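The residues making up each chain are set out below.
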Amino acid sequence: MSLDKATVSRIARLARIRVADEDLERLGNELSNILGWVEQLNEVNTDDVPPLTSVVEMQIPQRRDAVTDGAYRDKVLGNAPESEEGFFVVPKVVE
Amino acid sequence: MIEGATGRWEIVIGLEVHAQVVSEAKLFSGASTAFGAEPNAQVSFVDAAMPGMLPVINETCVEQAVRTGLGLNAEINRHSVFDRKNYFYPDLPPNYQISQYKQPVVGEGMVTVDLEDGSVCEVGIERLHLEQDAGKSLHDQHPDATYVDLNRAGVALMEIVSKPDLRNADQAGAYIRKLRAILRYLGTCDGNMEQGSLRCDVNVSVRKPGESLGTRCEIKNVNSVRFVQQAIDYEARRQVDILEEGGEIEQETRLFDAERGVTRSMRSKEEAHDYRYFPDPDLLPLVLSEDYIEAIRADLPELPDQKKTRFVESLGLSEYDAGVLVTEKEVADFFERVADGRDAKTASNWVTGDLFGRLNDAGQGIAESPVSPENLGGLIDLMADGTLSGRLAKEVFDEMFTSGRPASAIVEERDLKQVSDTGEIESLVDTVISDNADKVEEYKAGKDKLFGFFVGQVMKASQGKANPKVVNDILREKLG
Amino acid sequence: MADLTHFTLSEARDGLRARDFSARELTEAHNAAIERARPLNAMALETAEHALSMADTADQRIAKGDGGLLEGVPLAIKDLFCTDGFRTTAGSHILDTFVPPYESTVTANLWREGAVMLGKANMDEFAMGSSNETSYFGPVENPWRRPGDNRPIVPGGSSGGSASIVAARAALAATGTDTGGSIRQPASFTGLVGLKPTYGRCSRWGIIAFASSLDQAGPLTRTVRDAAIMLSAMSGHDPKDSTSANLPVPNFEAVLGGDVKGLRVGIPSEYRMDGLPAEIDALWQQGIRWLEDAGAETREVDLPHTKYALPAYYIVAPAEASSNLARYDGVRYGLRVEGDDLIDMYERTRAEGFGAEVQRRVMIGTYVLSAGYYDAYYLQAQKVRTLIARDFQTAFEGVDVLLTPTAPSEAFATGDKSDDPIAMYFNDVFTVPASMAGLPGISVPAGLSQAGLPLGLQLIGKAFDEEMVLRVAEALEDAAEFNAEPDTWWETST
Ligand SMILES: [Mg+2]
Ligand SMILES: [Zn+2]
Chain A
1 MSLDKATVSR IARLARIRVA DEDLERLGNE LSNILGWVEQ LNEVNTDDVP
51 PLTSVVEMQI PQRRDAVTDG AYRDKVLGNA PESEEGFFVV PKVVE
Chain B
1 MIEGATGRWE IVIGLEVHAQ VVSEAKLFSG ASTAFGAEPN AQVSFVDAAM
51 PGMLPVINET CVEQAVRTGL GLNAEINRHS VFDRKNYFYP DLPPNYQISQ
101 YKQPVVGEGM VTVDLEDGSV CEVGIERLHL EQDAGKSLHD QHPDATYVDL
151 NRAGVALMEI VSKPDLRNAD QAGAYIRKLR AILRYLGTCD GNMEQGSLRC
201 DVNVSVRKPG ESLGTRCEIK NVNSVRFVQQ AIDYEARRQV DILEEGGEIE
251 QETRLFDAER GVTRSMRSKE EAHDYRYFPD PDLLPLVLSE DYIEAIRADL
301 PELPDQKKTR FVESLGLSEY DAGVLVTEKE VADFFERVAD GRDAKTASNW
351 VTGDLFGRLN DAGQGIAESP VSPENLGGLI DLMADGTLSG RLAKEVFDEM
401 FTSGRPASAI VEERDLKQVS DTGEIESLVD TVISDNADKV EEYKAGKDKL
451 FGFFVGQVMK ASQGKANPKV VNDILREKLG
Chain C
1 MADLTHFTLS EARDGLRARD FSARELTEAH NAAIERARPL NAMALETAEH
51 ALSMADTADQ RIAKGDGGLL EGVPLAIKDL FCTDGFRTTA GSHILDTFVP
101 PYESTVTANL WREGAVMLGK ANMDEFAMGS SNETSYFGPV ENPWRRPGDN
151 RPIVPGGSSG GSASIVAARA ALAATGTDTG GSIRQPASFT GLVGLKPTYG
201 RCSRWGIIAF ASSLDQAGPL TRTVRDAAIM LSAMSGHDPK DSTSANLPVP
251 NFEAVLGGDV KGLRVGIPSE YRMDGLPAEI DALWQQGIRW LEDAGAETRE
301 VDLPHTKYAL PAYYIVAPAE ASSNLARYDG VRYGLRVEGD DLIDMYERTR
351 AEGFGAEVQR RVMIGTYVLS AGYYDAYYLQ AQKVRTLIAR DFQTAFEGVD
401 VLLTPTAPSE AFATGDKSDD PIAMYFNDVF TVPASMAGLP GISVPAGLSQ
451 AGLPLGLQLI GKAFDEEMVL RVAEALEDAA EFNAEPDTWW ETST
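Residue numbers (my numbering), protein chains in the order written: chain A, 1 to 95; chain B, 1 to 480; chain C, 1 to 494.
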């Protein structure tokens, strides 16, 4: 497994991490090494083996439908890099 | 069907309806779902995806999804899984949406849709899954910033996906209305499209009849039935034009511009989406027992189709009237209260006739009706016991609609009580006969048509209050 | 007063109850020790003032006779646990201004039991690392050094700050978290007891997530008894965590003081790996003899999929992390680096906010989940995980507990493995399999390497059978009589 620059660039884009062009190759090699190593899993015959869904054998717990949380806007916004009039503020999104 | 330069084109439409679940709290947090709060006032740390926060599912939301599935005659999956759908967007705080992908809680179902022309079409349901709503981005508050309000973030939605069984805008509209009626009957979604409780993603493609499916475009987040229909018509025409010019349809997400009545490509389409779905490790699979499902099934209310059948078969209403009455749960409820202990046809005529007429003129819905079902019932009772003639009843109804007062009060106040006392009417008849001796002669000579004249004279003399049946009987007797 | 820092947790607890010294005195001694230990860079935040006020409250409660399990006991808290009003960073630049307005369930449980917070312990960024070299706040040093050698030694990771500060006798115990070995391996590297409970035993609510299906909180302590006390205080059902087990919390301390006669101890043959240093194998054999001498029965067991646990882990954990860490985007908290537009802001924020190892794992995780690769990587890894869990189930049909080395080496020098991710990943080769199966594991200090550095042995138990793990760990501890302490070179370094 060897990741070309275009693939690394696509992955970085999906992960929303800026990677400079000159770093793509180095990063590609690093990722390729790791992927090459994990590919030994292909040796394992997993026909008819279900994927593990949870290590705990239990039922999903369900909450009662009641308002028990929220209503603390100041705390929600307290760490925001930018907020105004009770909103989070981000650079303009164009749809 | 669209008539193009190269022949007829068939439109193929599938709808993904996002219906907000009726619940007090959000799907995975205890924050309120109430509409209209101050920005970010109903946001928990979970909804804001603060570090270390974890989801816990709301049992009512699960129950509502199952109830809806049963109402759509659908398969309820005993084992379903919550997945993360990963994409970055500022109103999606964790930058993943908890949704259901490969194993939704509800599988295939079927909705029967009545069309305007009296025909019926069956629309397949592909699936229904539970997922979280996103927050709201406001793009027009600031010239170069977007404001984000997370009050909606995490509210439970049911995404109801239809099969591509719809063929024109009318069918699509009728399907949405029917789906909305079912949800309202079930009490699982309030169906309020203006507040965004019901939103549609519309998938449209075109093909020559008999050919395989064409490339589809998805029009996102259309929030009224009329807009859905406009969007379909516009989009289908757009696709036909492209194809007839030898072009190809690009699979993409589009927006409906309600002001211009057109669909347009979303700029963000340049982003190749790769949602990287995987089971949410913070949640366990949702396993539903047979008992649980059966308990919900046993508790289902009567749904529009069942109600319509009962109105026709037990109450003797016409298919048409029954269909009109069951379209909206509020109307059906109103009608049933009017008809309670009364003649169903009469009740139906008043509701679908006079009441709908006045409400339409006033631009009001049944919920705002100034005439309560009890008062309308009271009016019908006054007709049945002979207190009011049909003509008087209409007069009284008009005043009821204006004032909201009960019929009996209006009758009392205006002394509109119908006169059925034979002695009183007899003396009026005698006066009319003696005042019109010439006409009596003509009548007796065979001019039968004059009978109506005598009735009119007697009614006039009674200021309209005489019971017309009694007047008829006495006149016939006296004129021989 | 320096002596006050050399108690075990249980001794300090008993001394507090007997009013031999006050919580304030004990806390002052530890605050001072933490200050002296600054050369270790083990703390991301010191909260000395707050510690004193907590200690005063504890003294009042002790005076009234209603103290909790840990009343007045000063602890360090890994900086992955959100602490209300105290900066919590996960060792990352992207969170270096983040002050949570809420308290994690585990730490809330500790405060309920009267514990005192000395501060937040440094750690590998987002718990990704096995040497504590990936922290934005700089590497943590191990208080241990090779005798006659000044080169800094890593404390292991990711709970390296927690391990280092407890080993330096500047906190009586610390919380850690373990995803693939992040409590056990640093315990082994610093001569401590490190316990990773069964997945679901401790609530994950309020702990910054790395890999949700693997993360578990647990204690780093100087003795097995201390680990038992800490676990009783930390654990318990939490309705805010859907994966929290709804089980009563045993009094873990009560299982101690017994023996291991007749217990069956499994020795997994697959852990006898090529290239395992002879001294580690020798220590393992020694451990087997200790337990046999104490009356336990040992036998070989097979865990055939052991060698696949590490590569499977390095698919599952980064996959979950890539999604868990998507929330660090500069919108609601933490670092924001302005850009030309929203996406540019995201990309600059995350490029600057995350260190190299975190970026690497996020990208690996993104890749293995992406269209066309999911089945080959993520799904296959989760299937292998099922096989690993089945291996353990089968093995536990015949034994009560498993004995293995904790780590394949002693602590290494800072910088030794930081250029080779895969070599670094092999640190967790013996701890990851139990993590993949959600099982409890403990590392017990068992001896010193030829170079004079601590080495641990690991015990792995059945799900929710921490009591068995602790029982056998105590037997191992008694036999090993590990009581070496590092030289206090840091005290004189300034
Ligand atoms: Mg959709
Ligand atoms: Zn959806």
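Quick caveat, the hints were computed from the structure, so don't treat them as lab data.
Incorrect hints may appear among the rest.
Residues of chain A clear of chain B, computed beta-carbon distances all greater than 10 angstroms [stated by the list, open to error]: (1) L14; (2) L24; (3) V49; (4) T53; (5) G70.
Quick look at which bits of chain B chain A covers, simulated, 3 or more residues with Cβ under 8 angstroms [unchecked claim]: (6) 51-65; (7) 136-147.
As the structure is a prediction and not an experimental result, all values here were calculated from the model.
Using N, Cα and C, we set each Cβ at its ideal position, and we do this for glycine too.
Now the hints, each set against the structure:
With a minimum CB-CB distance of about 6 angstroms to chain B, A/L14 fails to clear the 10 angstroms threshold, and the non-interface call is violated. Interface exclusion of A/L24 from chain B stands, the closest Cβ pair being 18 angstroms apart, more than 10 angstroms. The claim that A/V49 lies off the interface holds: its Cβ sits roughly 16 angstroms from the closest Cβ of chain B, which is beyond the 10 angstroms cut-off. The non-interface label for A/T53 is inconsistent with chain B: the shortest C-beta to C-beta separation is roughly 6 angstroms, within 10 angstroms.
Here A/G70 does not stay apart from chain B, with its beta-carbon only about 3 angstroms from theirs, under the 10 angstroms limit. Proximity of the stretch 51-65 of chain B to chain A, defined as three or more residues with a beta carbon under 8 angstroms from a beta carbon of that chain, is established by the 7 residues found. For the stretch 136-147 of chain B, the stated coverage by chain A is satisfied: 10 residues place a CB nearer than 8 angstroms to a CB of that chain, which reaches the threshold of 3.
Taken one by one, the earlier hints fail for this structure at numbers 1, 4 and 5, listed in ascending order.
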